[in-house]
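Next come the chains, spelled out residue by residue.
4 protein chains.
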Amino acid sequence: MKKDKSNTGWKNKLHEIIYEADTPMGKWFDIILIVIILFSVLLIMLESVKNIDAEYHKTLLTLEWVVTIFFTIEYFARIICIKKPTKYIFSFYGIIDFLSTIPLYLSYILAGSQVLLAVRAFRLLRVFRILKLVQFLGEASQLKSALKASRAKITVFLFAVLILSVMLGTLMYIIEGDEAGFTSIPTSIYWTIVTLTTVGYGDIAPITPQGQLIATIIMLLGYGIIAVPTGIVTVEFGKRSKKASGDESVEHFVHVNTQACPTCAKEGHRDDATHCYNCGSLLNE
Amino acid sequence: MKKDKSNTGWKNKLHEIIYEADTPMGKWFDIILIVIILFSVLLIMLESVKNIDAEYHKTLLTLEWVVTIFFTIEYFARIICIKKPTKYIFSFYGIIDFLSTIPLYLSYILAGSQVLLAVRAFRLLRVFRILKLVQFLGEASQLKSALKASRAKITVFLFAVLILSVMLGTLMYIIEGDEAGFTSIPTSIYWTIVTLTTVGYGDIAPITPQGQLIATIIMLLGYGIIAVPTGIVTVEFGKRSKKASGDESVEHFVHVNTQACPTCAKEGHRDDATHCYNCGSLLNE
Amino acid sequence: MKKDKSNTGWKNKLHEIIYEADTPMGKWFDIILIVIILFSVLLIMLESVKNIDAEYHKTLLTLEWVVTIFFTIEYFARIICIKKPTKYIFSFYGIIDFLSTIPLYLSYILAGSQVLLAVRAFRLLRVFRILKLVQFLGEASQLKSALKASRAKITVFLFAVLILSVMLGTLMYIIEGDEAGFTSIPTSIYWTIVTLTTVGYGDIAPITPQGQLIATIIMLLGYGIIAVPTGIVTVEFGKRSKKASGDESVEHFVHVNTQACPTCAKEGHRDDATHCYNCGSLLNE
Amino acid sequence: MKKDKSNTGWKNKLHEIIYEADTPMGKWFDIILIVIILFSVLLIMLESVKNIDAEYHKTLLTLEWVVTIFFTIEYFARIICIKKPTKYIFSFYGIIDFLSTIPLYLSYILAGSQVLLAVRAFRLLRVFRILKLVQFLGEASQLKSALKASRAKITVFLFAVLILSVMLGTLMYIIEGDEAGFTSIPTSIYWTIVTLTTVGYGDIAPITPQGQLIATIIMLLGYGIIAVPTGIVTVEFGKRSKKASGDESVEHFVHVNTQACPTCAKEGHRDDATHCYNCGSLLNE
Numbered sequence: 305m306k307k308d309k310s311n312t313g314w315k316n317k318l319h320e321i322i323y324e325a326d327t328p329m330g331k332w333f334d335i336i337l338i339v340i341i342l343f344s345v346l347l348i349m350l351e352s353v354k355n356i357d358a359e360y361h362k363t364l365l366t367l368e369w370v371v372t373i374f375f376t377i378e379y380f381a382r383i384i385c386i387k388k389p390t391k392y393i394f395s396f397y398g399i400i401d402f403l404s405t406i407p408l409y410l411s412y413i414l415a416g417s418q419v420l421l422a423v424r425a426f427r428l429l430r431v432f433r434i435l436k437l438v439q440f441l442g443e444a445s446q447l448k449s450a451l452k453a454s455r456a457k458i459t460v461f462l463f464a465v466l467i468l469s470v471m472l473g474t475l476m477y478i479i480e481g482d483e484a485g486f487t488s489i490p491t492s493i494y495w496t497i498v499t500l501t502t503v504g505y506g507d508i509a510p511i512t513p514q515g516q517l518i519a520t521i522i523m524l525l526g527y528g529i530i531a532v533p534t535g536i537v538t539v540e541f542g543k544r545s546k547k548a549s550g551d552e553s554v555e556h557f558v559h560v561n562t563q564a565c566p567t568c569a570k571e572g573h574r575d576d577a578t579h580c581y582n583c584g585s586l587l588n589e
Numbered sequence: 305m306k307k308d309k310s311n312t313g314w315k316n317k318l319h320e321i322i323y324e325a326d327t328p329m330g331k332w333f334d335i336i337l338i339v340i341i342l343f344s345v346l347l348i349m350l351e352s353v354k355n356i357d358a359e360y361h362k363t364l365l366t367l368e369w370v371v372t373i374f375f376t377i378e379y380f381a382r383i384i385c386i387k388k389p390t391k392y393i394f395s396f397y398g399i400i401d402f403l404s405t406i407p408l409y410l411s412y413i414l415a416g417s418q419v420l421l422a423v424r425a426f427r428l429l430r431v432f433r434i435l436k437l438v439q440f441l442g443e444a445s446q447l448k449s450a451l452k453a454s455r456a457k458i459t460v461f462l463f464a465v466l467i468l469s470v471m472l473g474t475l476m477y478i479i480e481g482d483e484a485g486f487t488s489i490p491t492s493i494y495w496t497i498v499t500l501t502t503v504g505y506g507d508i509a510p511i512t513p514q515g516q517l518i519a520t521i522i523m524l525l526g527y528g529i530i531a532v533p534t535g536i537v538t539v540e541f542g543k544r545s546k547k548a549s550g551d552e553s554v555e556h557f558v559h560v561n562t563q564a565c566p567t568c569a570k571e572g573h574r575d576d577a578t579h580c581y582n583c584g585s586l587l588n589e
Numbered sequence: 305m306k307k308d309k310s311n312t313g314w315k316n317k318l319h320e321i322i323y324e325a326d327t328p329m330g331k332w333f334d335i336i337l338i339v340i341i342l343f344s345v346l347l348i349m350l351e352s353v354k355n356i357d358a359e360y361h362k363t364l365l366t367l368e369w370v371v372t373i374f375f376t377i378e379y380f381a382r383i384i385c386i387k388k389p390t391k392y393i394f395s396f397y398g399i400i401d402f403l404s405t406i407p408l409y410l411s412y413i414l415a416g417s418q419v420l421l422a423v424r425a426f427r428l429l430r431v432f433r434i435l436k437l438v439q440f441l442g443e444a445s446q447l448k449s450a451l452k453a454s455r456a457k458i459t460v461f462l463f464a465v466l467i468l469s470v471m472l473g474t475l476m477y478i479i480e481g482d483e484a485g486f487t488s489i490p491t492s493i494y495w496t497i498v499t500l501t502t503v504g505y506g507d508i509a510p511i512t513p514q515g516q517l518i519a520t521i522i523m524l525l526g527y528g529i530i531a532v533p534t535g536i537v538t539v540e541f542g543k544r545s546k547k548a549s550g551d552e553s554v555e556h557f558v559h560v561n562t563q564a565c566p567t568c569a570k571e572g573h574r575d576d577a578t579h580c581y582n583c584g585s586l587l588n589e
Numbered sequence: 305m306k307k308d309k310s311n312t313g314w315k316n317k318l319h320e321i322i323y324e325a326d327t328p329m330g331k332w333f334d335i336i337l338i339v340i341i342l343f344s345v346l347l348i349m350l351e352s353v354k355n356i357d358a359e360y361h362k363t364l365l366t367l368e369w370v371v372t373i374f375f376t377i378e379y380f381a382r383i384i385c386i387k388k389p390t391k392y393i394f395s396f397y398g399i400i401d402f403l404s405t406i407p408l409y410l411s412y413i414l415a416g417s418q419v420l421l422a423v424r425a426f427r428l429l430r431v432f433r434i435l436k437l438v439q440f441l442g443e444a445s446q447l448k449s450a451l452k453a454s455r456a457k458i459t460v461f462l463f464a465v466l467i468l469s470v471m472l473g474t475l476m477y478i479i480e481g482d483e484a485g486f487t488s489i490p491t492s493i494y495w496t497i498v499t500l501t502t503v504g505y506g507d508i509a510p511i512t513p514q515g516q517l518i519a520t521i522i523m524l525l526g527y528g529i530i531a532v533p534t535g536i537v538t539v540e541f542g543k544r545s546k547k548a549s550g551d552e553s554v555e556h557f558v559h560v561n562t563q564a565c566p567t568c569a570k571e572g573h574r575d576d577a578t579h580c581y582n583c584g585s586l587l588n589e
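Protein chains in written order, with this note's numbering: chain V, 305 to 589; chain C, 305 to 589; chain B, 305 to 589; chain Z, 305 to 589.
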């Protein structure tokens with residue numbers, strides 16, 4: 305079903321390498337990409353450590369240029385080998401990829417644009433694509449479906465927690481006041497959530513007996529209601545686990561089709577599909 | 305079944321808008337009310353931030369007056385369109401509504417009455433009424449019933465935790481004393497709960513080896529016994545989930561009648577009810 | 305079956321009031337006792353707050369004497385009305401009762417004996433006896449049996465946590481050293497448990513990159529392995545809940561026989577028992 | 305099946321005592337060894353406390369020599385009585401045993417080698433061998449198998465948590481900057497994990513409103529997603545518990561064969577085995 309024009313030929317091949325992972329080349333490309341992304345994130349981390357940056361500034365900058373050039377080539381390759389480039393450019397990953405590539409170029413025009421480098425950490429999300437290659441996918445998709453099923457209940461729960469925090473935070477602002485660090489209602493709400501989630505920094509802490517009493521109640525509340533999300537998720541996992549135990553193989557060895565449409569980049573096609581379920585264009589074999 | 309006197313007519317209509325949510329107007333009123341409540345809470349928050357208040361004091365005061373006037377009108381409308389106003393005035397929501405409305409008026413008579421503004425945060429509880437309109441209700445009522453069923457067990461648990469905290473707090477007061485911040489038994493108990501719930505502010509921390517040993521035991525205890533409320537709630541959720549799975553539709557699409565009695569404001573009537581189950585007076589159609 | 309000698313008669317009656325709770329008098333005695341114990345604990349708390357003690361020292365001392373005299377009378381009454389006083393005197397409660405009574409007397413002989421007052425907090429354990437009177441008992445005994453069944457697993461878990469803490473604590477001592485507050489191995493182990501249980505005071509915190517890396521691992525470990533006790537207890541609750549659901553009444557309305565043997569003070573007799581199952585002596589009717 | 309040469313005779317006996325635990329002598333050896341290991345760990349702890357070391361330096365050093373000599377003898381005995389000593393020497397325990405023995409000898413040659421003493425804490429792992437003797441084994445192996453089954457899911461979860469921490473940590477570094485203590489991206493990631501796991505030291509804490517907002521989100525996230533590992537492990541425990549309940553005896557009284565191959569030190573032989581399943585050599589009777 306392949307179009308035989310040589311021009312589309314190498315584009316299709318490039319598309320298979322960059323966007324898919326069912327050919328050896330495609331797998332290798334994904335793995336190399338992840339390694340470079342991890343390396344680029346490590347670079348940014350090292351640059352942010354003052355005394356390392358002071359000593360090795362030149363080396364780090366050179367390596368930064370290497371990474372940036374690789375990302376630039378990758379970005380254009382992705383645009384070239386897809387039939388509708390705008391689909392990629394304005395997709396979530398397209399924007400992240402763009403923002404990860406430009407900071408070094410921008411830094412010669414705009415001061416402070418180095419801050420954009422941090423966007424690169426979001427490229428780490430591509431790691432989840434690699435997961436598709438390994439047997440962890442079954443587990444991941446099971447986790448995901450359990451969390452999805454619990455979403456409504458957890459939303460209600462978070463909602464109740466937030467309203468509670470606003471009410472208790474306001475109360476603490478009135479009781480404690482400035483001396484103890486409860487300088488405004490937003491700060492008090494922040495403190496309430498720090499306490500309710502049992503994080504407890506201690507940068508702000510109640511000093512009046514009434515404040516400590518209410519703090520105690522908030523803590524016990526937080527200690528108790530953590531049971532709610534836990535209970536919800538556990539029950540959902542339990543359901544999934546029961547279903548799966550009748551057909552164990554399904555759970556662990558999910559077959560994954562990593563083909564992506566060369567036109568619109570949609571994934572999740574059937575193994576025997578010849579056309580994209582989304583835009584109808586021909587798929588690569 | 306409607307009384308045809310024109311006077312009661314517009315009162316009934318107003319009642320339907322303000323107290324109920326099954327007409328488009330009623331729904332819109334509820335949504336607008338929630339938006340204004342959220343806005344009024346945001347106003348109080350901004351006023352509590354010193355440098356924002358210093359700069360925009362006049363704007364904030366004007367907006368405060370707008371909100372107060374809206375709340376005043378709403379409050380009187382609620383009283384007018386109900387047949388037994390005292391039922392509303394002395395209800396939980398009636399008192400909250402009243403206290404949320406008066407602070408600005410009071411501030412011209414009494415100094416410090418601004419503190420009452422914080423009561424307004426409790427109006428956020430009306431948000432839960434909005435939930436009735438959406439499909440989250442099923443989830444919320446399921447959570448509620450599970451927590452209700454666990455109540456007795458959790459009370460016993462909290463009771464045991466409190467007695468334990470008093471005993472361990474007293475012990476720590478004797479061992480550590482003033483230097484480490486354990487200045488009195490109530491403070492020591494406060495510290496024990498901070499530790500047991502794994503909040504751990506660090507404003508007070510043991511410094512003697514014996515104190516640190518007992519602190520270690522308290523932490524491990526707290527780390528372990530969090531299993532108890534979690535276990536209780538999880539089991540209750542599990543039960544509910546099993547029941548519901550036989551009749552999935554019941555769980556998620558609970559039909560909700562939002563009619564409220566025009567006389568006594570009770571809710572929860574049957575769809576085919578013509579009289580209030582509480583006071584026997586006629587319901588609006 | 306009562307012995308009719310008048311001497312034993314009032315002793316039996318007193319025994320019924322003090323040790324049992326199935327007569328109205330017995331119930332009242334238990335409730336009054338708990339109120340006085342709660343009051344005595346409150347007294348000790350107030351005494352420990354410096355500025356309250358400074359102002360109301362005389363009042364507090366008088367009330368302390370009232371409580372002490374009540375406790376003294378109660379202690380002797382308990383000894384008189386039991387047939388084998390040593391069984392009570394050397395029982396757990398007997399020792400607690402004795403230690404709760406003597407501090408004020410001792411304070412005239414020995415300095416610093418006031419510290420013993422704190423023992424009184426342990427008298428709060430009598431509250432659990434009151435629980436026998438109410439419907440919470442079913443819940444409490446269910447919790448207790450679930451925790452008992454999980455005991456072996458939780459012991460293994462705590463054991464592993466302790467060994468892990470010793471190993472990681474030693475490691476952190478070597479890495480961080482004195483500057484960061486890791487002054488000795490015991491202190492390092494204390495810090496490890498503070499971190500592992502997610503308490504996190506912050507009085508000691510790693511400052512070197514390697515130390516922070518290991519701290520991160522300890523935190524993620526602690527965050528993850530809390531699942532273990534929770535899982536154990538949840539499964540036990542689940543088992544109990546399933547058994548109980550077949551016979552709901554058993555769970556919630558456990559019949560409790562509060563008779564105590566007048567000779568050896570053992571509890572837990574059958575309703576139709578005429579003799580103590582432990583020592584064989586006659587029970588009060 | 306025993307080889308009758310007297311030379312191998314005492315070696316076999318020694319092997320049975322040191323490596324196995326099904327003879328009274330073997331049990332006693334294991335118990336004494338654990339006591340000495342615990343004592344040696346206690347010694348290192350005491351040495352690390354400055355004022356204890358200052359006062360009792362000589363006593364501690366003497367005891368240290370006693371322990372070292374015992375460990376030396378044990379180490380050589382282990383080598384002598386096994387047929388292939390290299391199997392032991394390069395095994396995990398062999399290396400730990402060696403490193404636990406040499407520090408005192410080394411301290412006369414190399415300064416600072418005392419640090420190696422801390423390795424001795426790892427000898428505590430031998431405690432788990434003692435567990436084989438007691439009925440806790442059943443529980444331990446059940447815990448272990450449940451954790452093993454959850455491994456894949458928990459790996460995916462930890463992976464997601466780490467990526468999330470890198471992204472959020474980078475974000476916080478940009479928002480907060482140096483003043484609040486977010487001096488570099490690695491430090492920010494460290495703070496993110498401290499917050500996400502609800503440890504919350506408070507050595508670093510956000511001070512800008514935006515930073516506090518994101519911190520709040522991180523906390524609620526951490527508070528919520530702890531449900532994931534808990535749910536996974538609970539479901540696994542539940543499965544195991546259900547299987548076991550049909551055959552309760554299996555769970556609690558696991559028969560343990562503590563024989564170890566005299567040639568390659570492998571454990572886990574069948575009771576009726578005469579040859580090692582690993583290297584095929586004869587087992588002691």
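Simulated from the structure, these hints should not be mistaken for laboratory data.
Some clues are possibly wrong.
Identical chains share a label here; the pair holds if one copy fits it or two copies do between them.
Said to hold, decoys possible - Derived pair list, reagent style BS3-like, types lysine-lysine, alpha-carbon separation capped at 30 Å:
#	residue 1	residue 2
1	Lys317	Lys452
2	Lys448	Lys315
3	Lys448	Lys546
4	Lys448	Lys391
5	Lys317	Lys448
6	Lys546	Lys452
7	Lys317	Lys362
8	Lys331	Lys391
9	Lys362	Lys391
10	Lys546	Lys387
11	Lys362	Lys546
12	Lys362	Lys387
13	Lys543	Lys388
14	Lys331	Lys362
Query raised in the report: Between copies, within a copy, both or neither: which fits Lys362 and Lys391 at Cα up to 30 Å?
Result: neither (38 Å within a copy, 49 Å between copies)
Requested in this report: Using 30 Å as the alpha carbon limit, work out where Lys546 and Lys387 are close: within a copy, between copies, both or neither.
Outcome: Neither way: Lys546 and Lys387 sit 44 Å apart in one copy and 49 Å across, limit 30 Å.
Report task. Pop the pair Lys543 and Lys388 into one bin, within, between, both or neither, using alpha-carbon distances up to 30 Å. Result -> neither (42 Å within a copy, 50 Å between copies)
Requested in this report: Go through the copies and call it for Lys317 and Lys452: within, between, both or neither, with a Cα cutoff of 30 Å.
Outcome: So Lys317 and Lys452 fail the 30 Å test inside a copy (36 Å) and across (41 Å) alike.
Query raised in the report: How do Lys317 and Lys448 come out at 30 Å by Cα distance, when the copy is not named: within, between, both, or neither?
Result: Neither: 32 Å inside a chain and 47 Å across chains, both beyond 30 Å.
**Report entry** Homomeric proximity label, Lys448 with Lys391: Cα distance no greater than 30 Å
**Finding:** within (26 Å within a copy, 45 Å between copies)
Query raised in the report: Is the C-alpha distance from Lys331 to Lys391 at most 30 Å within one copy, between copies, in both cases, or in neither?
Result: For Lys331 and Lys391, only the intra-copy Cα distance (23 Å) is at most 30 Å; the inter-copy one is 39 Å.
Requested in this report: Give the relationship of Lys546 and Lys452 under a CA distance limit of 30 Å: within one copy only, between copies only, both, or neither.
Outcome: Close inside one copy (17 Å) and across copies (18 Å); limit 30 Å.
Report task. Up to 30 Å between alpha-carbons, please classify Lys448 paired with Lys315: within, between, both or neither. Result -> This pair counts as neither: shortest intra-copy Cα distance 34 Å, inter-copy 51 Å.
Query raised in the report: Is it within a copy, between copies, both, or neither that the alpha carbon of Lys362 lies no farther than 30 Å from that of Lys387?
Result: Intra 40 Å, inter 57 Å, cutoff 30 Å: neither.
Query raised in the report: For Lys448 vs Lys546, is the C-alpha pair at or below 30 Å within one copy, between two copies, both, or neither?
Result: Answer is both; intra-copy 16 Å and inter-copy 21 Å each pass.
Query raised in the report: Quick one: Lys317 to Lys362, C-alpha cut-off 30 Å, is that within a copy, between copies, both, or neither?
Result: neither (38 Å within a copy, 66 Å between copies)
The structure fails to meet hints 1, 2, 5, 7, 9, 10, 11, 12, 13, 14 from the earlier list, while all remaining hints are met.
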